[in-house]
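Participant: Could you slot chain B onto chain A? The hints should help.
Number of protein chains: 2
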Amino acid sequence: MYRTHTCGELRSSNVDQNVTLSGWVQRSRKMGGMTFIDLRDRYGITQLVFNQETDDAALCEKANKLGREFVIRATGEVKERFSKNKELPTGDIEIIVSSFDVLNSSEVPPFTIEDESDGGDDIRMKYRYLDLRRNAVRKNLELRHKMTIETRSFLDKLDFLEVETPMMIKSTPEGARDFVVPSRMNPGEFYALPQSPQMFKQLLMVSGFDRYFQIVKCFRDEDLRADRQPEFTQIDCEMSFVEQEDVLNTFEGLAKHLFKQLKGIDMKEPLPRMSWHDAMKYYGSDKPDTRFGMRFVELTDIAKGKEFAVFNSAEYIGAICAEGCASYTRKQLDALTDFVKRPQIGAKGMVYVRMEQDGTLKSSIDKFYTPEDLKSWADRCGAKPGDLLLILSGDTSKTQKALGELRLEMGSQLGLRDKNNFSCLWVVDFPLLEWDEESQRFFAMHHPFTAPKPEDIPLLDSHPGAVRANAYDMVINGVEVGGGSIRIHDSELQNRMFQILGFTEEKAQAQFGFLMNAFKYGAPPHGGLAFGLDRLVSLFAGLDSIRDCIAFPKNNSGRDVMNDAPSRIDDEQLEELFLTLKPLPVKK
Amino acid sequence: MYRTHTCGELRSSNVDQNVTLSGWVQRSRKMGGMTFIDLRDRYGITQLVFNQETDDAALCEKANKLGREFVIRATGEVKERFSKNKELPTGDIEIIVSSFDVLNSSEVPPFTIEDESDGGDDIRMKYRYLDLRRNAVRKNLELRHKMTIETRSFLDKLDFLEVETPMMIKSTPEGARDFVVPSRMNPGEFYALPQSPQMFKQLLMVSGFDRYFQIVKCFRDEDLRADRQPEFTQIDCEMSFVEQEDVLNTFEGLAKHLFKQLKGIDMKEPLPRMSWHDAMKYYGSDKPDTRFGMRFVELTDIAKGKEFAVFNSAEYIGAICAEGCASYTRKQLDALTDFVKRPQIGAKGMVYVRMEQDGTLKSSIDKFYTPEDLKSWADRCGAKPGDLLLILSGDTSKTQKALGELRLEMGSQLGLRDKNNFSCLWVVDFPLLEWDEESQRFFAMHHPFTAPKPEDIPLLDSHPGAVRANAYDMVINGVEVGGGSIRIHDSELQNRMFQILGFTEEKAQAQFGFLMNAFKYGAPPHGGLAFGLDRLVSLFAGLDSIRDCIAFPKNNSGRDVMNDAPSRIDDEQLEELFLTLKPLPVKK
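For the protein sequence lines, the chains are A and B, in the order given. Residues in the first sequence are numbered consecutively from 22, following this note's numbering. Residues in the second sequence are numbered consecutively from 22, following this note's numbering.
Excised from the complex, chain A in its bound form:
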């Protein structure tokens, strides 16, 4: 038997019991004739004690030879500690060891297994199995486990059925790039790994499953950005005989349940709903961070028509009011100007107006505007003495986006984006279609199965760009954690959508034929959504990257540096798949 208790379990009430523990040597200290060893397992740390004066000398000598991360099994008696450690749940006791054996030795690990490790990112990824020993990392995965358990428990109680959909499916060229899997039994043909179970969950609605969910791996072969993984996990859901309101209420319930169970946070109020239009207008983003205000104030009508050519030629002029920032120095203001002028943000410049403590207004464009002009801007922004207006201008959509970035930056600078403060909302009424300048066609903003709002259907022919969708995103702290839509269940409307999206009948049939055929046999009204589990866990855990809540993540080149995947395969295997490798690009 390897243990009677875990290393996190013993308390004063266990004093005088004879126990056996197994675990890893976290650290060992020699003080006078005593040796103290912190023994660690997933559940905690317990102090082992060896006393040269009273114990067998051989035992103590053996103990002194134990290195960091050795695995041992120790037997001894639980004793009350002389000086208790209030930091540890087991800090009231220690084990006077009578015997122990080394279950496995350890080389010196390449970095310290502590909450704050001395290992850099790269080495910790290479030795991910050691990194995972650290409390900080393991706790994220424990949170992930709890989140899936609580999600399943909540959805199960609401009669959702978890149904596994296939991982090897048909490749569809629309959308992001698929990872493909060559089929040996069907030479020349490929499966795709699913980007989402979208079509299968809609088929399950056609099948009358009524309420489906699945916590499921999805795959996307994209050029990876900071916070993307080629494989990621979704909480994927679909419901029949529902309107948008039913879906929002159901998953608002899930969010509340998770906040309550995992964070102890009571979200009693219903989630605010914001139209996509308002989100863009007031936050310049379809995923506004609503932990703080600083909403945009449009000044276009009152700031135009004076001598300032920049504003006069602008389609849009918008301001945010940064409370208490009138004291910003020239240097700080220049830094903000540089920030908005970065190519990713793309503003041409920034105008500021300070309201001094005495109520006078000072701006970077004083020569073009009277104090009364500036006063009218400040009034509209609700500025108080000590506040600072930051103003951007130009093309509406670009300027709003840039102003959104500036707003987030100011939020960060003012400490308004506390990770322990959660602000959730629904963004609704997304546009159905997005115009693509390059290909001169409309694309589905969500996906081609998203239903337009019934009242907007008449606009489909005349103003397709103005049609709103029954689509919605859940946004927390500026992160889109989930999104979905009511689907089209009528094959005629679906065909019309495909037409608007520029699909020929043949192409639509080739790609989505099996779904369109299924719809001929009595498809119920249905809708759903999918949450990004990785993002949700990161947010709950206060992480900067989703990598930290994934046990074995890949790096930005899609590599698992721990086990060195992907890798070359045998020629024989390529042969069996009827594939040959083309000459490879020379590595730089």
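Don't read these hints as lab results, they were simulated from the structure. Quick caveat, the model's predicted, so the values are computed rather than measured. Any given hint could turn out to be false.
Identical chains share a label here; the pair holds if one copy fits it or two copies do between them.
Stated by the list, open to error - Computed list of lysine-lysine pairs in DSS-like fashion (alpha-carbon distance at most 30 Å, straight line):
| id | residue 1 | residue 2 |
| --- | --- | --- |
| 1 | K474 | K167 |
| 2 | K178 | K277 |
| 3 | K541 | K528 |
| 4 | K160 | K178 |
| 5 | K325 | K362 |
| 6 | K302 | K281 |
Facilitator: For chain B alone, coordinates are given in the frame of chain A:
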């Protein structure tokens, strides 16, 4: 709003309520001036009534036009039925419909959506989304959902953490064939889809996760047999600081929990344990069906040495005693002889001995043996008047396997293999190694990480084939539902295993290097097992094929006939992957 209640919900207590239901038209009957429609959803069937005498004529006319599988929403009043239907939970009531609308029409489905459908296998697979509407199919998936919910709940309570391991991993040529995924970002390199998370779960033990599980998709590119799928689901588990006994007790607990929760069956006794050696000796199989006895009785010592050359030259002579089968006709016995002579079974012939009602013995080899000889056989088999001995002989292992098949056949003929009767056991003490004649080397019977029994380690050099492993299978009704082992946690022993398996150091390092390296940093003793979820659900549901508990299965060529996957992909995509297709074999 689409509904106030589901179609399975209304009872007498709802009488006089005004309700709205949505669902599919299961069937419609016109009787005199009345039209009855059975409205179906996942939760049940409710009868809708239209009465031409009292209702609006237009409404009735519209109702008469409804076809099978139309989707409708109907509003009306709940009324007590005149003649109740005891078969239906909603059979006490019906809805007098005041209005309804057609949410979607349906073409006539290609087969009937009834428990016993008129559709053949192929058409039901092509229209799987309609097949899934059938109660019989949906119930299997509901059971599957419940099994995963109960499994997670049980393991969560025991502090197991569900950790997701990657789906795109390193390819390892050992074992079955991998499905591979070409990497666009790493040209010429491939990921593999996991055959199991084996190495990752062992790494998680090295990481101190202590107790891991995952319900996870696994992949194997094999030539598919009747009951194999290229993707399948495992309940994968691993524990640290355990001996075999701990693992068996834990998962025996899981099995009991599932039987109790899903089937209402109390398994109070501990599961029997049978050594692999006994399983082969008494049942000719490492997964004996223990729903019935009919264990092998060896006759080698007493049946040899007479005139019968077949027996004299046999290494092994074994019998089973089929109770009450002395009355088998010549024809029945010939059929059994044909059965064992089939190439898959491969026996050369079969000998029988009848014990007539008066106790006299009649056999197919009377001329070689005296009645006393036959008596001694019958006595050893415990035969009673009316019983029939069936005897096979030859090479020990082949004959035992053939006798095992014959035993199963007799069990079936005698009705001893009732699907509602469950007999579970552990088969333990598997051989560590299996000799392969063709390649003249040993293979790991389980996998190369399986630990030998400590007491057998001395045999590793002298008699490797005799070394028993700390490996175990859970067997239910002759099906291996799960299996696992205690793993080697000592890198020296692991290296020795690789040597015995004929791995060079380089090859071992190339394939399993990252695991062996991990073991240098303090690997705890650990072990685990994996259950085949598909098999477990099939067994609980009494299914003949695992296909019936998978929502969207593939056929024996690995095709999804519903959405026609796998399929050709664009040349552009191949180009991006640096692949070209070789000339394909001509299709026959």
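Participant: Now tell me if each hint is right for this structure.
Facilitator: Evaluated hints:
In this assembly of identical chains, K474 and K167 lie within 30 Å of each other by CA distance neither inside one copy nor across copies; the values are 37 Å within and 36 Å between. Within a single copy, K178 and K277 get their C-alpha atoms as close as 15 Å, and across copies as close as 23 Å, so both meet the 30 Å cut-off. In this assembly of identical chains, K541 and K528 lie within 30 Å of each other by CA distance solely inside one copy; the values are 18 Å within and 56 Å between copies. In this assembly of identical chains, K160 and K178 lie within 30 Å of each other by CA distance both inside one copy and across copies; the values are 27 Å within and 17 Å between.
In this homomeric assembly, K325 and K362 come within 30 Å of each other (Cα to Cα) only inside a single copy, at 22 Å, whereas the closest approach across copies is 98 Å. For a Cα distance limit of 30 Å, the shortest separation of K302 from K281 qualifies neither inside one copy, at 32 Å, nor across copies, at 57 Å.
Hints 1, 6 from the earlier list are contradicted by this structure; the remaining hints agree with it.
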